[in-house]
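Engineer: Sequence:
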Amino acid sequence: MSKKIYLAGPEVFLANAREILDRKAALTRAAGFTPISPGDLDIPPTDTKKGFGLAISDIDEQMMLSADAIIANLTPFRGIAADTGTTFELGFMCALGKPVFAYTNVAANHFARVLAYYEGAVVEGEDGYKRGPDGLSVEDFEMIDNLMLHGGIERRGGAVVVGNADPAALYTDLTAFEACLAIAVEKLA
Numbered sequence: 574m575s576k577k578i579y580l581a582g583p584e585v586f587l588a589n590a591r592e593i594l595d596r597k598a599a600l601t602r603a604a605g606f607t608p609i610s611p612g613d614l615d616i617p618p619t620d621t622k623k624g625f626g627l628a629i630s631d632i633d634e635q636m637m638l639s640a641d642a643i644i645a646n647l648t649p650f651r652g653i654a655a656d657t658g659t660t661f662e663l664g665f666m667c668a669l670g671k672p673v674f675a676y677t678n679v680a681a682n683h684f685a686r687v688l689a690y691y692e693g694a695v696v697e698g699e700d701g702y703k704r705g706p707d708g709l710s711v712e713d714f715e716m717i718d719n720l721m722l723h724g725g726i727e728r729r730g731g732a733v734v735v736g737n738a739d740p741a742a743l744y745t746d747l748t749a750f751e752a753c754l755a756i757a758v759e760k761l762a
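In our numbering, the protein residues as written are 574 to 762.
Just so you know, these hints were derived from the structure itself, not from any lab.
Among the hints, a few may not be true.
To be verified - The list that follows gives simulated cross-link-like pairs (lysine-lysine, DSS-like), each with its CA atoms no further than 30 Å apart:
id	residue 1	residue 2
1	K576	K671
2	K577	K760
3	K577	K671
4	K576	K760
Nothing here was measured: the structure is a model prediction, and the numbers come from that model.
Please construct the entire structure, taking both the sequences and the accompanying hints into account.
Structural biologist: This is the structure we're talking about:
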């Protein structure tokens with residue numbers, strides 16, 4: 574029986590979500606795995622928007638519990654960092670002790686993106702920490718996102734693949750995903 578890979582990422586929000594999720598699922602099957610995708614939810618009817626959201630959350634967690642590993646798309650989404658739902662899913666799988674892999678389609682690391690956010694106005698404070706104009710410290714660890722995400726993956730033997738997609742194809746370019754999938758094949762064999 575093939576291992577099940579949970580495919581996490583902000584693709585579920587795209588106008589062409591089904592197309593992208595189907596492409597990722599096909600590549601995952603071709604690699605010998607069974608894809609599990611949040612886009613494949615069968616959500617029971619609910620009476621409220623909150624109830625609907627809770628049902629989605631429950632089903633996502635059940636899908637992750639049934640998965641053997643995760644590949645998370647950490648491409649920055651609606652800001653300088655990865656999608657918050659995806660980061661929850663990655664943390665959930667780390668806590669379960671399951672193999673974790675991730676990729677991003679943005680080559681600039683977390684510090685570079687924060688520096689751009691502050692328009693370069695980051696200085697070293699008297700305490701030795703780099704700080705933005707709002708006084709908040711800025712992580713500079715040469716990692717693709719928050720140290721807990723990148724560190725959590727690598728400390729568990731997983732891998733983070735860094736791509737550099739054209740901005741017009743930020744969430745549809747699957748080059749880094751395919752490279753990450755190839756690493757998962759090697760490590761999960």
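Engineer: Hint by hint, note whether the structure agrees.
Structural biologist: Structure-based check of all given hints:
Distance restraint check for K576 and K671: the Cα-Cα separation of roughly 12 Å lies within the 30 Å cut-off, and the hinted pair is therefore satisfied. With a C-alpha separation of about 14 Å, the suggested pairing of K577 with K760 holds against the 30 Å cut-off. The hinted pair formed by K577 and K671 meets the criterion: a straight-line CA distance of about 11 Å does not exceed 30 Å. Distance restraint check for K576 and K760: the Cα-Cα separation of roughly 12 Å lies within the 30 Å cut-off, and the hinted pair is therefore satisfied.
Checked against the numbered hints given earlier, this structure breaks none of them.
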